[in-house]
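Undergrad: Sequences listed follow chains A and B, in order. Note that my numbering numbers the first sequence so that position 12 is 12, with each residue one more than the last. Offset between the second sequence (1-based) and my numbering: plus 417.
These are computed hints drawn from the structure, not numbers from a lab. Check each hint, because a few of them may be wrong.
Claimed, not checked - Label pairs and their calculated CB-CB ranges:
| hint | chain 1 | residue 1 | chain 2 | residue 2 | range |
| --- | --- | --- | --- | --- | --- |
| 1 | A | Gly273 | B | Val454 | 26 to 32 Å |
| 2 | B | Pro728 | A | Ile251 | 35 to 41 Å |
| 3 | A | Leu384 | B | Glu709 | 50 to 56 Å |
| 4 | A | Gly389 | B | Glu753 | 50 to 56 Å |
We put the beta carbon where it would ideally sit given N, CA and C, even for glycine.
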Amino acid sequence: MDTCRSSSQAPLHFHVPQPPARPGEQPDFSYVEVSDAGAVRRPDPLTDPADITDLSRSLIRVLGNDGIAVGDWDPRADADELRAGLRAMVRTRAYDARMLTAHRQGKASFYMQCTGEEAFAVGHAFALRRGDMFFPTYRQQGWLIARDWPLVTMMCQVYSNDRDPLHGRQMPIMYSANEVDFFTISGNLATQFVQAVGWAMASSISGDHRIASGVVGEGATAEADFHHAMTFAATYRAPVILNVVNNQWAISTFQSVASGGHATFADRALGYGIAALRVDANDYLAVLAATRWAAERARANGGPTLIEWVTYRVGAHSTSDDPSRYRPESEPVSWPLGDPIERLAAHLTAAGEWSAGQQEQLLADCAAEVRAAQQEAEQYGTLLDAHSGDPRSIFEDVFEELPPHLQQQRRWMEKLR
Amino acid sequence: MSAMTMSAALRSAMDVMLERDDRVVVFGEDVGYFGGVFRCTDGLQRKYGTNRVFDTPIAEGGIIGIAVGMGAYGLRPVAEIQFADYVYPGLDQIISEAARLRYRSSAQFTAPLVVRMPCGGGIHGGQTHSQSPEGIFTHVCGLTTIVPSNPYDAKGLLISAIEDNDPVIFLEPKRIYNGPFDGHHERPIVPWAEHPLGEVPDGYYSVPLGAAAVRRTGSDVTVLAYGTMVYVAEAAATESGVDAEIIDLRTLLPLDIDTIVSSVRKTGRCVIIHEATRTSGYGAELSAQVQEACFYNLEAPIERVTGWDTPYPHAQEWDYFPGPKRVAAAFARVLEA
Chain A
1 MDTCRSSSQA PLHFHVPQPP ARPGEQPDFS YVEVSDAGAV RRPDPLTDPA
51 DITDLSRSLI RVLGNDGIAV GDWDPRADAD ELRAGLRAMV RTRAYDARML
101 TAHRQGKASF YMQCTGEEAF AVGHAFALRR GDMFFPTYRQ QGWLIARDWP
151 LVTMMCQVYS NDRDPLHGRQ MPIMYSANEV DFFTISGNLA TQFVQAVGWA
201 MASSISGDHR IASGVVGEGA TAEADFHHAM TFAATYRAPV ILNVVNNQWA
251 ISTFQSVASG GHATFADRAL GYGIAALRVD ANDYLAVLAA TRWAAERARA
301 NGGPTLIEWV TYRVGAHSTS DDPSRYRPES EPVSWPLGDP IERLAAHLTA
351 AGEWSAGQQE QLLADCAAEV RAAQQEAEQY GTLLDAHSGD PRSIFEDVFE
401 ELPPHLQQQR RWMEKLR
Chain B
418 MSAMTMSAAL RSAMDVMLER DDRVVVFGED VGYFGGVFRC TDGLQRKYGT
468 NRVFDTPIAE GGIIGIAVGM GAYGLRPVAE IQFADYVYPG LDQIISEAAR
518 LRYRSSAQFT APLVVRMPCG GGIHGGQTHS QSPEGIFTHV CGLTTIVPSN
568 PYDAKGLLIS AIEDNDPVIF LEPKRIYNGP FDGHHERPIV PWAEHPLGEV
618 PDGYYSVPLG AAAVRRTGSD VTVLAYGTMV YVAEAAATES GVDAEIIDLR
668 TLLPLDIDTI VSSVRKTGRC VIIHEATRTS GYGAELSAQV QEACFYNLEA
718 PIERVTGWDT PYPHAQEWDY FPGPKRVAAA FARVLEA
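Make the full structure from the sequences, and use the hints.
TA: Here it is, written out as structure tokens:
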């Protein structure tokens, strides 16, 4: 009888989300609802998350198309601070371009750019304090550059050479830089998101004043550790900023495969009772303002904030990826939120604090700086030569001290060299 | 000195370390107010406060994940997984993160954490309250894996584990929380109060990691055992009259191979016992290492007495659990050879 009844209904159909455009089609970003700059209210940072649920559906923006800063979220940063941000973003892009070329020349085995996403990591690095711990993914090299970690050191890691601080043990770009509050990068996605929460819990257990900031891409929000991080952050009101960098793509997979496309990533915070913001991540001023808001909330024991940073992955996922096989070639230039470097330069120019000539000079200076750093780094070796980590070091740091079985295995290896 | 059960000794170890070191924190499911489903953390929250001893959401991946973050901050987390059978959601954090943190950061960041978990069968725990997953952890480089067999060792080893600057997997055979168990389920339980190793110092002491203990000296056969199986081996030796030398490994990795090798060179025979399933179990590693180091001293093939290669059954527990009868049969086989 049941079978008869159900046969009168339409059969079930299986839903698989698709991106709005594939190769050969016109890019379509009509799904991105762009709020006007200044349109979104700035609540008190200690506001009850339930009272700001509208902020998870709108987009915090400071810079309008004319480059003028407007609205409550204007961080009122002075020109020097903004020029420092601009410089760090330009250095980051120049570094990426140089390393991409080095990979193509066979000097490194792998590389990942952050082109188009520089504002989040750079602005975040400037907006947080020394001593706050950043738990990045592999696409926040802008933090290291903003915090003046030496470009040569970064390159030595990418080259796995004699001066690689990680002794050639890690794939390129999996940096670790404790001295600039940058946690060791793992290849396993989202693991650091819950570790950031634990670090923040430890800070509050210890009566410290430091906060943590963790990052996942929108694709990795589907990992269990995203849920773990949100649950533990909410339960213990951990002083942590939980960042979802939504660059629309997880390798070849469009963001709606992670989200279903029915809700924003910021919306996910609401069910956990976590404050949520959704921010134009190509707007450097909005990055500063939103980071400061969440940091103020965390430092005042107001608990965690989830921030969805809306941006676009301009480059390939990695040097092992070809985006022309799954998205329109012209998609990057059609992205409605523009380019973070150009927008900040336009803002400074509109304020009379910058000029086309200065921008040109900055680009040239950064290119030269990166070129010089590369020349120095390559003196210490690349994949093309024999300078890559002392083999004896393979066995170090597995444990604090070498246990007998590793001493023995090291002896076996040495005998055969 | 006090007479302590194994749970009381473990509780005492955490009490001592919470007192000595402000960085030590204890947490897990039902660990705080209630004091743990096996009473191992009883009273600790009342004594040290919710900042130091607290309940967590039911999420093993989250429990280990926050422990890694806390360790990176500089605390010394002692996390509890309620049953070893439920550690699997936390394996990514254990294997990919805790075990690799020091290596991948060249010691910029470390994971000085302990993950305690009740393990083993013999309690009618069925499939998900009886497992012995030690072989998963010994296969992961960067982890120290411990299985104590008595209250004295349990406290001393747990203190060493908490003081260790790297991640330690601390497996507690729940069948022997309250008293030694030799596999004779038909007999009444003997409490730890009647066993010499149930006498435990009240204050601080430690038992070194990576050191085995010879529980019984003998000349016929070397028995490699840990946890509950130490008592099964003792019963098998007594009942069969075989003069077995019983080595309680205590730390599975790093392994005290020297103690093992000198014993096997003396006896010429080796029987390995564990509750865990046979194929690719830790016994396979033990067997390989004994064979590599003692080939010319061996008078017989190395025997392994283990759980069967099946999920742990409920009703058929005593056909599954490697009891003294099965161990004695292995003794007979190696002595006949």
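Undergrad: Next, verify each hint and record whether it holds.
TA: For each hint, the structure was consulted:
no.: 1; hint: A:Gly273 x B:Val454: 26 to 32 Å; result: holds (28 Å)
no.: 2; hint: B:Pro728 x A:Ile251: 35 to 41 Å; result: holds (36 Å)
no.: 3; hint: A:Leu384 x B:Glu709: 50 to 56 Å; result: violated (39 Å)
no.: 4; hint: A:Gly389 x B:Glu753: 50 to 56 Å; result: holds (53 Å)
Violation of the numbered hints given earlier is confined to hint 3; every other hint is satisfied by the structure.
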